[in-house]
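Quick note: the sequence shown, position 55, residue 850 per the numbering used here, numbers continuous.
Please note that the accuracy of each hint is not assured.
[As the list claims (entries may be wrong)] Within a straight-line C-alpha distance of at most 25 Å, the following computed DMTMM-like cross-link-like pairs (lysine to aspartate or glutamate) qualify:
no., residue 1, residue 2
1, LYS936, GLU887
2, LYS936, ASP894
3, LYS936, GLU855
4, LYS936, GLU869
5, LYS936, GLU828
6, LYS936, ASP888
7, LYS936, ASP911
8, LYS936, ASP812
9, LYS936, ASP910
10, LYS936, ASP839
To be clear, the hints were calculated from the coordinates, so they are not data collected in a lab.
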Amino acid sequence: MLNLDRALDGGGLGILDLMVFLRGVWRLTRTLEDRRAGQRGRLDGRAVFAPAGAGLVYRERGVLRLGAFTGPAERVYRYRFPAPGRAEVAFEDGRPFHDLDLSHGRWSVAHRCRDDLYRGSFEVEGRDRWTAVWRVLGPRKDLVLRGRYDRAG
Numbered sequence: 796m797l798n799l800d801r802a803l804d805g806g807g808l809g810i811l812d813l814m815v816f817l818r819g820v821w822r823l824t825r826t827l828e829d830r831r832a833g834q835r836g837r838l839d840g841r842a843v844f845a846p847a848g849a850g851l852v853y854r855e856r857g858v859l860r861l862g863a864f865t866g867p868a869e870r871v872y873r874y875r876f877p878a879p880g881r882a883e884v885a886f887e888d889g890r891p892f893h894d895l896d897l898s899h900g901r902w903s904v905a906h907r908c909r910d911d912l913y914r915g916s917f918e919v920e921g922r923d924r925w926t927a928v929w930r931v932l933g934p935r936k937d938l939v940l941r942g943r944y945d946r947a948g
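Could you build all of it, start to finish, from the sequences and the hints given here?
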């Protein structure tokens with residue numbers, strides 16, 4: 796059982812201990828809007844933040860429905876915690892992706908991947924819910940990805 800009381804900011808939406816807050820299993824719902832292709836989609840699955848060394852490994856698995864495609868989708872990230880309320884997020888291979896600080900309940904980031912710009916915004920909506928929205932723009936991309944994480948169990 797997680798001790799979320801020590802992770803939350805006195806009942807507010809700020810997160811004092813991000814690793815404690817994230818650890819565990821989350822139901823994941825993500826909508827996808829490909830504005831360039833005129834397609835909408837959805838991913839339904841789960842995300843698990845499991846201990847890995849001094850940090851957490853994030854494993855996401857679900858079913859993606861986008862246009863005529865329906866099939867499995869997966870991704871893995873690694874989280875390091877240089878401070879209790881802050882994480883450094885890396886791709887599975889260790890390349891840096893973005894930082895995350897939910898000590899005030901919200902965070903915005905930008906990440907450049909070649910010619911594409913990823914802008915992310917994160918928000919704690921409650922003790923057992925948070926959201927991540929990514930806007931991706933580039934020469935061949937115009938995407939909006941909206942994910943909602945609800946603590947499972």
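How the hints compare with the structure:
no., hint, in the structure
1, LYS936 / GLU887, "holds, 23 Å"
2, LYS936 / ASP894, "holds, 23 Å"
3, LYS936 / GLU855, "holds, 22 Å"
4, LYS936 / GLU869, "holds, 20 Å"
5, LYS936 / GLU828, "holds, 11 Å"
6, LYS936 / ASP888, "holds, 24 Å"
7, LYS936 / ASP911, "holds, 7 Å"
8, LYS936 / ASP812, "violated, 35 Å"
9, LYS936 / ASP910, "holds, 10 Å"
10, LYS936 / ASP839, "holds, 22 Å"
Of the hints listed earlier, the one the structure fails to meet is number 8.
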